[in-house]
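From just these sequences and the hints, can you work out the full model?
Sequences listed follow chains A and B, in order.
At position 364 of the first sequence (counting the first as 1) the number is 364 in full-length UniProt numbering, and the numbers step up by one without a gap.
At position 134 of the second sequence (counting the first as 1) the number is 134 in full-length UniProt numbering, and the numbers step up by one without a gap.
Quick caveat, the hints were computed from the structure, so don't treat them as lab data.
Do not take every clue at face value.
[Said to hold, decoys possible] Pairs of lysine to any residue residues, derived as SDA-like cross-links and limited to a Cα-Cα distance of at most 25 Å, are as follows: (1) A:K107 <-> A:E78; (2) B:K3 <-> B:K26; (3) B:K128 <-> A:S101; (4) B:K116 <-> A:S101.
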Amino acid sequence: MLFFLVSCFSFMLLKPMGTLSNVWFCEEVVKFLALWFRKGRNAMMKSDVKSKLEKVVEKEEDICLLDLPDLTLECIFERLTPDGLCSMAAVCSSLREKCGSDHLWEKHMKQKWGGLIGSAAYKEWQCYIASRNKASLLMNSRKKRDFRGKFSTIRQLLLNRSKGNEDDRRVGDASAMSSVMDWFLSLESGKFWFPAQVFNREVQNGHVGFMLSCYDAEVSYDCSTNTFSARYPSYPSHGRRIIEEDIEWNRLRAPTVDTPPYVLHVSDCLHDLKPDDHFEIQWRKSKEFPYGWWYGVVGHLETCNGSESSCHCHDSETVLLEFKQYTSGSRWRQTVINRKDHREVGNEEDGFYGGIRKLYSDKEISLWKSLWPSSTLE
Amino acid sequence: MVKLKSNDDKEFEVEEAAVIQSEMIKNMIEDGCATSVIPLPNIDSKTLIKVIEYLNKHINMGKAAETGEEDDLKEFDEQFVNMGWEELFDVIMAANYLNIHELMELCCQSAADRLKNKSVRAVREMLKITNDLTEEEEQEIINDAPWAFEGPEIDDTVN
Chain A
1 MLFFLVSCFS
11 FMLLKPMGTL
21 SNVWFCEEVV
31 KFLALWFRKG
41 RNAMMKSDVK
51 SKLEKVVEKE
61 EDICLLDLPD
71 LTLECIFERL
81 TPDGLCSMAA
91 VCSSLREKCG
101 SDHLWEKHMK
111 QKWGGLIGSA
121 AYKEWQCYIA
131 SRNKASLLMN
141 SRKKRDFRGK
151 FSTIRQLLLN
161 RSKGNEDDRR
171 VGDASAMSSV
181 MDWFLSLESG
191 KFWFPAQVFN
201 REVQNGHVGF
211 MLSCYDAEVS
221 YDCSTNTFSA
231 RYPSYPSHGR
241 RIIEEDIEWN
251 RLRAPTVDTP
261 PYVLHVSDCL
271 HDLKPDDHFE
281 IQWRKSKEFP
291 YGWWYGVVGH
301 LETCNGSESS
311 CHCHDSETVL
321 LEFKQYTSGS
331 RWRQTVINRK
341 DHREVGNEED
351 GFYGGIRKLY
361 SDKEISLWKS
371 LWPSSTLE
Chain B
1 MVKLKSNDDK
11 EFEVEEAAVI
21 QSEMIKNMIE
31 DGCATSVIPL
41 PNIDSKTLIK
51 VIEYLNKHIN
61 MGKAAETGEE
71 DDLKEFDEQF
81 VNMGWEELFD
91 VIMAANYLNI
101 HELMELCCQS
111 AADRLKNKSV
121 RAVREMLKIT
131 NDLTEEEEQE
141 IINDAPWAFE
151 GPEIDDTVN
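As structure tokens, this is what we get:
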């Protein structure tokens, strides 16, 4: 820079200085150079003094939590409970940002909610966020108009356009606008109702009619009691929603298949069903009701004596399904389906038996067994 | 023996078996870069003495399990982290720099334990942090998780 200016200056000196404008220009250049040198020297002096001062300050000032490198801070914060993280987030803006990081909350999310949150609940969350953002965007734009008038609205529009319509894009994409912390807290606070399935529904309301079944519901958590409330879909003939409260964790699960409650599940295990296999089957009382999943075990056909060596039940076209929570005389105790073309069988009296899922995992089977009623049902 | 030099020019001799708990120094020794004194420009002598105390005690971690000295080691660890916040942060920074995994874990756990159930006010005071959130911003965080800010377990003391 200096070299350039000096060479410029000398070049101009060499040039004939006939015109006024040239003289004026030279004066300006000289002034500028003088100023530049003075400034430079000042700046040099300042920085010298400053660095000395900083050294003194550094020695005197003790290290603070916020001085720790980010990774080290994370190492501390990942040992805090969700409550601890929330509390730290309210300390100052820097900690608000650090304690809100997805990385820290993913662990808590997985630990507490991983088992219950399925893809359906995640989809519901995305919709929830999108509608919440739309509402807040509308409110914000209204506010902005009120405060700043028309001019700023236009400026805002231009700004948005230059940003590539970021706001609009974000409305569509929940993950861009919401954090894992946000999701965790919405679940904890019970503000967010999400789809899940409830075992032995309405047992808390005094019903035994749903023993060893699992029904779709919208559920919401209550952190003060560590239980859930469930809203079951309303029946067309009843018209009112049924609510059950005080549901414990072990009575809930994430939907195991993507089939919605009013849709017949396509069975893919019919040829694989043999005696003593555990299964779940869709059942509904009538065609206007949603399906629930009912637990049962494949039994031996009447023509079979049940001995392992002579049993040919797995070759038969029909499969006997048993629901052993009912007494042997009960009309709910067993039903027979056709292995080849089973879709839905039944009538308005006994209800309709729909799609079947064979249970392969011991975990699922033992969960059903843990819900077994204390006495057999009629 | 390996010689370490703190940033205030004090030298310390440490057994190699102890000092290689530091990944950083272990790598230096393996690469043949630790022939004379190893300068540690980020660590002052006060902190380095603490770190060496830890390294010497933990020299035979594996053996401790065999000889039933685990309880002794546990007691040492508990006593070791019984220090002020500033000192703790200094040791954390040193453990981070020297890459001593176990020491880092121990100190970070201690920091987390100290913060557990503390009120927001207590944390600010303990760690000398100035609140730069507006009242609305702070309230917003509280509204999102009110249960984290109330209850008998919330501790407002600063020890």
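Consistency of the hints with the structure:
{"no.": "1", "hint": "A:K107 <-> A:E78", "in the structure": "8 Å, holds"}
{"no.": "2", "hint": "B:K3 <-> B:K26", "in the structure": "13 Å, holds"}
{"no.": "3", "hint": "B:K128 <-> A:S101", "in the structure": "23 Å, holds"}
{"no.": "4", "hint": "B:K116 <-> A:S101", "in the structure": "19 Å, holds"}
Violated hints for the displayed structure: none, as all numbered hints are satisfied.
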